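*Asks:* Sequence:
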Amino acid sequence: MKTDTIFYRIFQSFPSIFFELIDQPPTLAEVYQFSSVEVKQLAFRIDGVFLPTRTANNSPIYFAEVQFQLDPKFYSRFFAEIFLYLDKTDFENDWRGVVVYPTRNLDPGNQPRYQELLASNRVRRIYLNELSTGTPPSLGIETVKLIVEPEESATTKARELIEQAREEVTDTATLTELLAANLNYYYLQVPSKVLGGG
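In terms of the working numbering, the sequence shown opens at residue 5 and continues consecutively.
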């Protein structure tokens with residue numbers, strides 16, 4: 005699904021955004037390596053895994069999954085992928101699961117067989133349309149929220165983010181490209197030059 009690709013690119017290019025989403029210091033990204041992994045035996049693919057580097061080997065592994073369609077069996081697959089991954093690797097780290105939904109209505113809800121995991125601090129569910137805007141607004145959070153921005157205001161919002169990026173980020177070309185990719189997928193064909201980028 006293209007949404008997975010967009011989030012992969014966001015987390016790969018700006019891993020600090022992931023840590024902002026889960027209310028952790030963005031600088032934590034410096035001690036993590038992001039990748040998408042496949043567990044070969046059953047061809048499970050985990051959208052994103054943040055593995056702690058050797059300097060932070062006591063930190064938890066973060067499993068990130070982006071879910072933009074209703075799937076009643078989502079949590080069965082999500083936990084199976086996590087536990088299979090943990091079984092097939094030698095890591096002894098604790099773990100956390102993070103699921104990103106555009107809206108709460110796509111979350112299949114608390115299922116009895118997973119209620120302990122879902123109610124614990126192990127799993128964090130993020131609903132993009134419910135993310136609050138900080139003061140000042142975080143460029144990372146606002147970039148991710150663009151995905152659920154109404155079509156009529158999305159291009160204007162993207163331009164505002166480009167202006168904010170020019171003040172805060174050294175790699176504005178990559179961010180402009182990601183913003184254009186978001187708009188192109190969800191709304192319309194918008195070349196990055198229309199946004200004020202390259």
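Quick caveat, the hints were computed from the structure, so don't treat them as lab data. Nothing here was measured: the structure is a model prediction, and the numbers come from that model. Glycine is no exception: its CB is placed at the ideal position from the N, C-alpha and C atoms. Honestly, I wouldn't trust all of these hints.
[What the hints assert, rightly or not] Label-pair distances were calculated between CB atoms; the ranges are:
| # | residue 1 | residue 2 | range |
| --- | --- | --- | --- |
| 1 | 160 | 95 | 20 to 28 Å |
| 2 | 37 | 137 | 38 to 46 Å |
| 3 | 93 | 26 | 18 to 26 Å |
| 4 | 125 | 163 | 25 to 33 Å |
| 5 | 167 | 94 | 41 to 49 Å |
| 6 | 80 | 160 | 35 to 43 Å |
*Asks:* Can you list which hints this structure breaks, lowest number first?
*Replies:* 1, 2, 4
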